[in-house]
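K.L.:
Residues per chain, in single letters:
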Amino acid sequence: MLLPESMSRIVIVGTKTHMDEAIEAIYAVKAIHLIDHTVDADEGFSLGTPRPYSPKASERLLKVRAMEKDLGVTATTATGVIPEEEIKSQISSDSVELVEDEVMLVLDKRNDLNQRITELNATKKNLELLSKIDVDLELYSGYRSIVAMVGTVDEDPTSALQGCEVFFSPEKKGDNVVAVFAKVEDKDSVLSTLSECGFSEIAVPPIEGSALNALAKVERDLAACEADLENVSKDIEALLEKHKDFLKASEEELSIEVQKGEIPLRIANSDYTFVIDAWVPTAKVELVKNELETKVEGTYVEVVEEKRGRTIHEAEEQEERFQTVPSKLSNGQCVKEFEYCTKLVSVPKYQEIDPTILIAIFLPMFFGLMVGDVGYAIPFIILGAYGLKVTHHKDWRAIATVLFFGGIWAFIFGFFFFGECLGMHFCSSSHMVEGIEQSWEMVLGVELSPIFEGIVPYGTGIGKLFHVGFLLKLSVYIGIAHLAIGRVCSMYNATIQHGFKEAFKEKGGWVFGFAGMVLICYAIAMILVMGQSFEPNLIPLALGAVFVIIEIAMNFKHEGIQAILELPGIIGNVLSYTRLAAIGMSKAGMALAFNYIALDMVLNMLGGTESIVAIIVAVLLFSFLHLVIWTLAILSAGLHSLRLQMVELMNIFFDGGGTEYNPLKIKRNKTISNAKATKEV
Amino acid sequence: MVLEGDVGAGLIAIGAGLAVGLTGLGTGMAEKDIGAAAVGAITEDLSLFGKAMIFMVLPETIVIFGLVIAILGIFVM
Numbered sequence: 048m049l050l051p052e053s054m055s056r057i058v059i060v061g062t063k064t065h066m067d068e069a070i071e072a073i074y075a076v077k078a079i080h081l082i083d084h085t086v087d088a089d090e091g092f093s094l095g096t097p098r099p100y101s102p103k104a105s106e107r108l109l110k111v112r113a114m115e116k117d118l119g120v121t122a123t124t125a126t127g128v129i130p131e132e133e134i135k136s137q138i139s140s141d142s143v144e145l146v147e148d149e150v151m152l153v154l155d156k157r158n159d160l161n162q163r164i165t166e167l168n169a170t171k172k173n174l175e176l177l178s179k180i181d182v183d184l185e186l187y188s189g190y191r192s193i194v195a196m197v198g199t200v201d202e203d204p205t206s207a208l209q210g211c212e213v214f215f216s217p218e219k220k221g222d223n224v225v226a227v228f229a230k231v232e233d234k235d236s237v238l239s240t241l242s243e244c245g246f247s248e249i250a251v252p253p254i255e256g257s258a259l260n261a262l263a264k265v266e267r268d269l270a271a272c273e274a275d276l277e278n279v280s281k282d283i284e285a286l287l288e289k290h291k292d293f294l295k296a297s298e299e300e301l302s303i304e305v306q307k308g309e310i311p312l313r314i315a316n317s318d319y320t321f322v323i324d325a326w327v328p329t330a331k332v333e334l335v336k337n338e339l340e341t342k343v344e345g346t347y348v349e350v351v352e353e354k355r356g357r358t359i360h361e362a363e364e365q366e367e368r369f370q371t372v373p374s375k376l377s378n379g380q381c382v383k384e385f386e387y388c389t390k391l392v393s394v395p396k397y398q399e400i401d402p403t404i405l406i407a408i409f410l411p412m413f414f415g416l417m418v419g420d421v422g423y424a425i426p427f428i429i430l431g432a433y434g435l436k437v438t439h440h441k442d443w444r445a446i447a448t449v450l451f452f453g454g455i456w457a458f459i460f461g462f463f464f465f466g467e468c469l470g471m472h473f474c475s476s477s478h479m480v481e482g483i484e485q486s487w488e489m490v491l492g493v494e495l496s497p498i499f500e501g502i503v504p505y506g507t508g509i510g511k512l513f514h515v516g517f518l519l520k521l522s523v524y525i526g527i528a529h530l531a532i533g534r535v536c537s538m539y540n541a542t543i544q545h546g547f548k549e550a551f552k553e554k555g556g557w558v559f560g561f562a563g564m565v566l567i568c569y570a571i572a573m574i575l576v577m578g579q580s581f582e583p584n585l586i587p588l589a590l591g592a593v594f595v596i597i598e599i600a601m602n603f604k605h606e607g608i609q610a611i612l613e614l615p616g617i618i619g620n621v622l623s624y625t626r627l628a629a630i631g632m633s634k635a636g637m638a639l640a641f642n643y644i645a646l647d648m649v650l651n652m653l654g655g656t657e658s659i660v661a662i663i664v665a666v667l668l669f670s671f672l673h674l675v676i677w678t679l680a681i682l683s684a685g686l687h688s689l690r691l692q693m694v695e696l697m698n699i700f701f702d703g704g705g706t707e708y709n710p711l712k713i714k715r716n717k718t719i720s721n722a723k724a725t726k727e728v
Numbered sequence: 002m003v004l005e006g007d008v009g010a011g012l013i014a015i016g017a018g019l020a021v022g023l024t025g026l027g028t029g030m031a032e033k034d035i036g037a038a039a040v041g042a043i044t045e046d047l048s049l050f051g052k053a054m055i056f057m058v059l060p061e062t063i064v065i066f067g068l069v070i071a072i073l074g075i076f077v078m
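So the protein sequences, as listed, match chains S and H. Per this note's numbering, the first sequence starts with residue 48, numbered consecutively. Per this note's numbering, the second sequence starts with residue 2, numbered consecutively.
Just so you know, not all the hints are guaranteed correct.
With a straight-line cut-off of 16 Å between C-alpha atoms, the simulated EDC-like cross-links for lysine to aspartate or glutamate are [claimed, not checked]:
no., chain 1, residue 1, chain 2, residue 2
1, S, Lys717, S, Glu304
2, S, Lys390, H, Asp46
3, S, Lys289, S, Asp117
4, H, Lys52, S, Glu333
5, S, Lys116, S, Glu147
6, S, Lys712, S, Glu147
7, S, Lys63, S, Glu340
8, H, Lys52, S, Glu304
9, S, Lys220, S, Glu202
Computed, partial: chain H to chain S, Cβ under 7 Å [stated by the list, open to error]:
no., residue
10, Val58
11, Thr62
12, Ile63
13, Ile65
In short, the hints are calculated from the structure, not lab data. C-beta atoms are modelled at their ideal positions from N, C-alpha and C, and glycine is treated no differently.
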């Protein structure tokens, strides 16, 4: 559970005539993590070429994806499931091409219409401008000695154009239109005068008659085209409905074919044989060997490394491509949900502890300690359980897992430790803030003390705002324990990687440093904060100093001045755990203020408990304000407890940077495999 | 003007406020730059989210230290 699963390296050798069967078998065992062959790694072997069916499948896949894009089939489009055999026979009977013909016909029509609408819109815009000048459209051309120029100008050019016929239409909102009829020989000078006025020419369409009539015709054409486009859009929607199941299923099936067809590109090939290097979990080696050798004729599986050890030098002795072993994290069903948090930082290396189990224990526990309230815990548990039931998305599942288990811890701490619900203790006690703080006994008017007597500390529970010193101390002790676990893991990692002697040299010093600094700070805190005398604290102080000296002596040689500079960081890390108390306090403070506002100020202002309106308003306000705290709890408690794992704990021992175990297997969502289909029948 | 009440308690309260306030400012200033860089990095590559978050929350410890000092000031001294 602590280390990634033990892996073995195998070599699969077979004849090329049975390659397709071998590929099928490799996918079927779902345990083979392929090691990519590198060019010139082995003499006489080279990278292969895709299987003969692969290019056709790739071409069809491209067509299917293009159609999906054009028809608007997205990843979220709900589609049915088609059996593997059926979709395969459809694809082989050229259904992709037939559907493509059908779809392209409609799409071409849509493209033509879109182009026509664009052209008509441009003509319409020109005609709208031309209609402002009362000149028929055919009169702008057909002269030998006169040239006509029409366009928009920023200012009136009439005064600057002598000897020309000028029509000018001033507009209030820019786009003044001008039409100038000039002699051919004056064209250049007229153009230069016009350009000074910001002239921009309008193309006159080859239409006869007035611009207004032409504009009306263009508008009629445009309306007709838009109506056609609407019909075509309906056709496209009908096509989408008709073919979406086929498109999604064929995309999945073709992707699988392409994936399988490209396997030869990743393995070593000679003229007649293929060789596959792969990692397999040690527990499955025999199974893989039997499956492949019995199912595929002419195939032999050789186990090269029965079990790869965890030492670093063992890996370094290997060829480069065999050095990195994929990490297959071996966690149970519940703990597995927390792997997401580990992978947020990095995938553990094969040679190190997988911190997921520690995260699974401490993340919800810290979350629960920070929330520590029955009233907030119950919605967390319900929301988390609902999330785990309905969602399959890994991000949401990770959040739901933390909420569910965190909620359980929050309930445990809230009920048995703090004795608190929605920021109020169940039982009244002397440490409550007089006149402001209330308890459920006071609010409900019933006596709850006999129930909680003996269950919760002090009979009323720990006051987050009262037993502050105790909570701070508790946080620090939790921090010390948590970090000590981290130190142990760090020693363990170094031991399995280099042996105990090396591990002690490398990490042992820091174990002493950690213990030394904790003892020194304990003694100092006792003297300065708790006001104890010097004598009883002399032993921890002296012992701590000795440990620190040992740490410096051990680490100074290979770490230099860092051996001293990093010592205060140890205390920084421990004090960082005081956030466990601080976040709880901040929430308790907010809850205290909100309870006072809702159940005291507002209730009394509106007429006290005799008024129904006052009670309703107070309850609504109470619910809303606590919803705010509850939402903030997800962010603050969730993020801070995650941070304590990722920064404080994992920084001590976790390197990461491993490769995730990714066996070759087929995942079907839109198609049902033959085996499953037969079973279902 | 005559000061009423316990001046020592008032000074402790001011000290506690300064401890939390100034460390909060420090944390904010540190997180401002880290946050901007982190968002940039995540935009480039979403898989960096975890690492970016670790860097992002590192300076939070400063304000926790301030809070500890404030709590010690108010409740213990």
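K.L.:
Looking back at the numbered hints, which does the structure fail to meet, lowest number first?
P.N.:
4, 6, 8 and 12
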